[in-house]
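K.L.:
Here is how the chains run, residue by residue.
Protein chains: 2
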Amino acid sequence: MSPKAAARPGGRSARVQQAVHAAVRELQAEHGRAELTVPQIASRAGVTPSTVYRRWGDISELLSDVAVERLRPETPPADLGSLREDLEHWAVDFLEEMSSPPGRSYIRDALAGDPDGGNAGQCSAYAVEQVDTILDRATARGEHVPDTDTLMDHVVAPMMYRILFRPGLLDAQYARDLVTTVFYRLMPLP
Amino acid sequence: MSPKAAARPGGRSARVQQAVHAAVRELQAEHGRAELTVPQIASRAGVTPSTVYRRWGDISELLSDVAVERLRPETPPADLGSLREDLEHWAVDFLEEMSSPPGRSYIRDALAGDPDGGNAGQCSAYAVEQVDTILDRATARGEHVPDTDTLMDHVVAPMMYRILFRPGLLDAQYARDLVTTVFYRLMPLP
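So the protein sequences, as listed, match chains A and B.
Residue numbers for the first sequence follow UniProt numbering, beginning at 1 and rising by one.
Residue numbers for the second sequence follow UniProt numbering, beginning at 1 and rising by one.
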């Protein structure tokens, strides 16, 4: 997220951000991403192009901010009653969402217009938050749990790496196999 | 790599590609990436802007092709006499190179102008090739070895994920720890 965009929550600043983000989403739905220009977005949002440039620098930073918003999880992970089931269910969902054509294009947009790495960090923070929710529940149930970084490194990272760099090697079984590897090979000793 | 760029190796086509890539590298060294425009690149390369547009579509595809060339490993992995040492040495080098500011910016460029995923796939193919060289040598020595995908999923992927999404959690010890995890936890049963 550009520091400028996050600077003033509430008030006019928040309204401008909301209007501009909404304009991008509408135009992407209508035209696809290749065709978007700042004047077109500004006109749809009812602001001047210079407002957009002042706030986002260039269009790739704006698209990155919008993409990160769309990657925000809408609900907490499902609670199926056991760590293994919760992780498998979440990993299969995550892979399906992120490897879909819109998912891939949001990830690409988020990384592309992100000079300071803040938006990429936010994507990762969303995954950490979901994983932590699952681990906290399991701990509360009295289950033995791996740590967050084990799951980020050995479940989330392999899925994201294949999505970005090795497409075509992805299915639900791959997500489940990664969780199985954590359970049989990477659990801390009790 | 855009199919157009790969279509005609040799002859005029290869000379144009070479001149344009060299122009990009020179201008990046002189000005940084933010300032590059197609007319500027074309003028330095001694070709017309329309030659560049015809071949690469837009500047982000050209920057992606140049970035992938720069990510090509220049030498095979060092042979230190054992699988463990070879992998640790290679992983530490890979992490250092990819997490450096130029490394990060090549990875970002490679992903950004890559509508068909060919350049991202090439980045991954380079890593697979290096890993396979190490594994083939170890097999020839009679060592017990993990498979390529285990190393891609549990050594390369975690490093690349942190480079892209969780910067600030990276050092040589992290690379060595991932290799240790493979040795103690993820080796196939003999």
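Hint data in this document are derived by calculation from the structure and do not stem from the laboratory.
Fair warning: there could be bad hints in the mix.
Distance ranges between label pairs, derived from CB positions [as the list claims (entries may be wrong)]:
no. : chain 1 : residue 1 : chain 2 : residue 2 : range
1   : B       : E26       : A       : E26       : 36 to 46 Å
2   : A       : E143      : B       : Q173      : 27 to 37 Å
3   : B       : S82       : A       : Q173      : 25 to 35 Å
4   : A       : Y184      : B       : S82       : 24 to 34 Å
5   : A       : F183      : B       : R12       : 37 to 47 Å
6   : A       : Q40       : B       : S82       : 55 to 65 Å
7   : B       : T75       : A       : D116      : 47 to 57 Å
8   : B       : S43       : A       : A172      : 33 to 43 Å
Chain B is faced by these chain A residues, among others (derived, beta-carbon under 8 Å) [to be verified]:
no. : residue
9   : R108
10  : G117
11  : C123
12  : Y126
13  : M160
14  : R166
15  : F183
16  : R185
17  : L186
18  : P188
Glycine is no exception: its CB is placed at the ideal position from the N, C-alpha and C atoms.
K.L.:
Give a verdict on every hint.
P.N.:
Each hint tested on the structure:
A hinted range of 36 to 46 Å holds for the C-beta pair E26 of chain B and E26 of chain A, which are about 42 Å apart. In this structure, E143 of chain A and Q173 of chain B meet the distance hint of 27 to 37 Å, their C-beta atoms being roughly 30 Å apart. Take S82 of chain B and Q173 of chain A: their Cβ atoms lie about 34 Å apart, and the range 25 to 35 Å holds. For Y184 of chain A and S82 of chain B, the hinted distance range of 24 to 34 Å is satisfied, since their beta carbons lie about 26 Å from each other.
Taken as a hint, the range 37 to 47 Å is violated for the pair F183 of chain A and R12 of chain B, whose Cβ atoms sit roughly 58 Å apart. The hinted range of 55 to 65 Å is satisfied by Q40 of chain A and S82 of chain B, whose Cβ atoms lie roughly 59 Å apart. Range check, T75 of chain B to D116 of chain A: Cβ separation about 33 Å, and the 47 to 57 Å hint is violated. Checking the proposed 33 to 43 Å range against S43 of chain B and A172 of chain A shows it is violated: the Cβ atoms sit about 51 Å from each other.
Interface hint at R108 of chain A: satisfied, since its Cβ lies 6 Å from the closest Cβ of chain B, which is below the 8 Å cut-off. For G117 of chain A, the interface hint holds, the least distance from its beta-carbon to any beta-carbon of chain B being 5 Å, beneath 8 Å. Taken as an interface hint, C123 of chain A checks out: its beta carbon lies about 6 Å from the nearest beta carbon of chain B, inside 8 Å. With its C-beta approaching chain B no nearer than about 10 Å, Y126 of chain A sits outside the 8 Å limit, and its interface hint is violated.
A cut of 8 Å between beta carbons decides the hint on M160 of chain A: the least distance to chain B is about 5 Å, and the hint holds. Among the interface hints, the one on R166 of chain A holds; its C-beta lies about 5 Å from the nearest C-beta in chain B, closer than the 8 Å criterion. Because the beta carbon of F183 of chain A sits about 12 Å from the nearest beta carbon in chain B, more than 8 Å, this interface hint is broken. A least Cβ separation of about 5 Å between R185 of chain A and chain B falls short of the 8 Å threshold, and the interface hint therefore holds.
With a cut of 8 Å, the hint placing L186 of chain A at the interface with chain B holds, because the nearest CB-to-CB distance is about 6 Å. For P188 of chain A, the suggested interface contact is broken, since its CB lies about 11 Å from the closest CB of chain B, more than 8 Å.
The structure fails hints 5, 7, 8, 12, 15 and 18 (numbered hints given earlier, in ascending order).
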